[in-house]
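Engineer: Line by line, the protein sequences give chains X and Y.
Just so you know, we're using my numbering here: the first sequence kicks off at 1 and counts up by one.
Just so you know, we're using my numbering here: the second sequence kicks off at 1 and counts up by one.
Calculated from the structure, these hints are not laboratory results.
Think of the CB as a built atom: it goes at the ideal place given N, C-alpha and C, for glycine as much as any other residue.
Some hints could be false.
Stated by the list, open to error - If you anchor each label on the Cβ, the simulated ranges turn out as follows:
hint, chain 1, residue 1, chain 2, residue 2, range
1, X, G192, Y, Q123, 50 to 58 Å
2, Y, G266, X, M103, 25 to 33 Å
3, Y, A161, X, L160, 36 to 44 Å
4, Y, S169, X, L163, 54 to 62 Å
5, X, E237, Y, S169, 25 to 33 Å
6, Y, L160, X, S58, 38 to 46 Å
There are 2 protein chains.
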Amino acid sequence: MASRTPSPTADRAARTSAPDRAAAGARPRRRLSVDERREQLIAVALELFSRRPPEEVSIDDIAAAAGASRPLVYHYFPGKQALYEESLRRAGQELSARFEEPMEGPLSERLYRVMGRYLDFVQSHGPGFAALLRGGSVAASAGTSAVIDEVRRAAQEQILAHLALPSPSAGLRLTVRAWIANAEITSLEWLGERSVPLEDLQLHLVQEFVASLTLTAAREPALAAELGSFFADERPEGPTGRLVQDLAGLLAVPGILDAVTALAAGTPGEPAAGAATG
Amino acid sequence: MASRTPSPTADRAARTSAPDRAAAGARPRRRLSVDERREQLIAVALELFSRRPPEEVSIDDIAAAAGASRPLVYHYFPGKQALYEESLRRAGQELSARFEEPMEGPLSERLYRVMGRYLDFVQSHGPGFAALLRGGSVAASAGTSAVIDEVRRAAQEQILAHLALPSPSAGLRLTVRAWIANAEITSLEWLGERSVPLEDLQLHLVQEFVASLTLTAAREPALAAELGSFFADERPEGPTGRLVQDLAGLLAVPGILDAVTALAAGTPGEPAAGAATG
């Protein structure tokens with residue numbers, strides 16, 4: 001496992017990845033170079049700011065966790081806000097790196113893997129940055145906004161790259177951007193309540209993307225022409241296959257098939273009363 | 001039309017509704033009561049803050065637009081931030097009032113009317129508050145966050161009230177919350193680019209809600225049992241009817257029906273190459 005140092009900070013550090021552990025001061029007294037020390041302070045700050053809102057993290061906490069003195073921290077960073085923004089920038093880079101996925105296999109399975117890594121990130125770094133993403137954090141600034149926007153843009157570009165369309169329409173770009181907002185809000189709300197298993201969220205978000213893509217295609221003939229090969233690449237056991245099966249199952253629920261058929265035919269449906277007894 | 005006073009402020013005021021015009025100082029020299037003056041200052045501030053980001057509106061601008069002196073404004077409000085938060089609060093109340101809709105007729109048509117009023121609000125007040133909603137506004141504070149959260153909560157409660165389910169699940173609440181985020185992001189992005197007609201956005205957002213509701217029902221049997229009566233109440237010419245017709249049209253695009261049928265049957269689809277020629 002991790003270092004046995006019995007401090008609360010080491011406990012927190014033990015829950016992070018190996019590179020974080022090394023940087024987070026398991027051997028605080030080793031002489032560090034200027035670059036190493038700077039990186040270590042950022043890693044320690046990222047660890048603390050990931051777990052707690054910025055107002056609950058002091059420069060003293062960071063110095064203690066880094067095995068450094070308060071003046072030494074100030075030697076590297078003008079203040080807490082600068083360290084906060086730098087840790088957010090690192091978190092943003094780490095998150096953006098998780099979006100990268102080989103251009104192979106069914107699209108919904110690629111997105112499913114990306115969402116697994118994204119939700120893992122949300123679990124490990126989300127609690128501290130949640131207030132910032134929700135808006136109204138005391139630490140919000142033009143700097144933090146720029147970082148968040150950059151991550152959203154990276155996510156959008158990755159998805160569009162995987163869709164591999166010659167020229168994505170404004171409507172499709174908007175669909176992707178709105179789905180990213182959906183993923184953000186859904187995972188932030190999940191952090192607060194954890195009311196469903198994380199794997200369910202992972203599947204649902206991917207399926208909502210497939211649904212949004214299909215809806216966009218329903219109004220954009222150029223995208224509709226690509227949709228056949230998208231569906232043909234999917235597998236029955238993947239997120240899209242399971243979505244199609246779930247929707248087919250829905251049509252077996254009393255009342256739904258009749259009502260949907262009537263709507264498709266352009267004829268008024270039956271009166272609602274009693275249609276949903278089942 | 002409006003007052004003929006040839007000032008830029010009056011020009012801006014001329015583009016607002018009649019009650020705003022009256023408050024915005026068409027007759028600046030009439031003696032106002034304490035309450036009237038306070039209301040007038042808020043109305044003028046709301047007008048200015050709706051058009052421009054807060055950093056581009058000064059207390060002098062507000063005083064001039066209200067036909068008041070700078071000290072008089074300070075007599076009522078401690079500073080620009082307080083006036084900004086008060087105007088945002090009024091904007092929030094106005095927006096929440098627009099969510100109210102009689103509990104009559106097909107659900108998607110009710111939501112369509114609400115979205116018409118919402119998008120109208122976005123057009124008239126959005127430009128100034130966009131930075132705040134996107135995050136990173138210099139005027140963001142715990143106060144502005146509370147107002148925005150309250151509006152989101154009001155929207156969520158209204159939608160759940162219209163769905164009229166005995167006890168909405170955590171999953172459904174999350175679906176509604178995520179769709180509200182979708183509507184926010186989509187309309188904010190639209191403000192920047194205005195790349196599609198506003199009526200299209202109004203229709204698409206409602207249809208995306210219907211799709212999200214359907215997806216949630218596909219994994220929640222209790223909601224699925226209600227979905228038949230929801231669809232049976234809808235009309236072919238309404239947003240849901242048009243969505244069903246568009247999706248039916250999509251199945252006529254070469255390759256899509258075969259691929260979807262294969263996924264539904266749980267059998268692997270045909271190879272993608274050539275499946276989307278059309």
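Engineer: Now tell me, hint by hint, if it's right for this structure.
Structural biologist: Now the hints, each set against the structure:
| no. | hint | verdict |
| --- | --- | --- |
| 1 | G192/X - Q123/Y: 50 to 58 Å | 32 Å, violated |
| 2 | G266/Y - M103/X: 25 to 33 Å | 26 Å, holds |
| 3 | A161/Y - L160/X: 36 to 44 Å | 37 Å, holds |
| 4 | S169/Y - L163/X: 54 to 62 Å | 32 Å, violated |
| 5 | E237/X - S169/Y: 25 to 33 Å | 26 Å, holds |
| 6 | L160/Y - S58/X: 38 to 46 Å | 41 Å, holds |
Checked against the numbered hints above, the structure violates hints 1 and 4; every other hint is satisfied.
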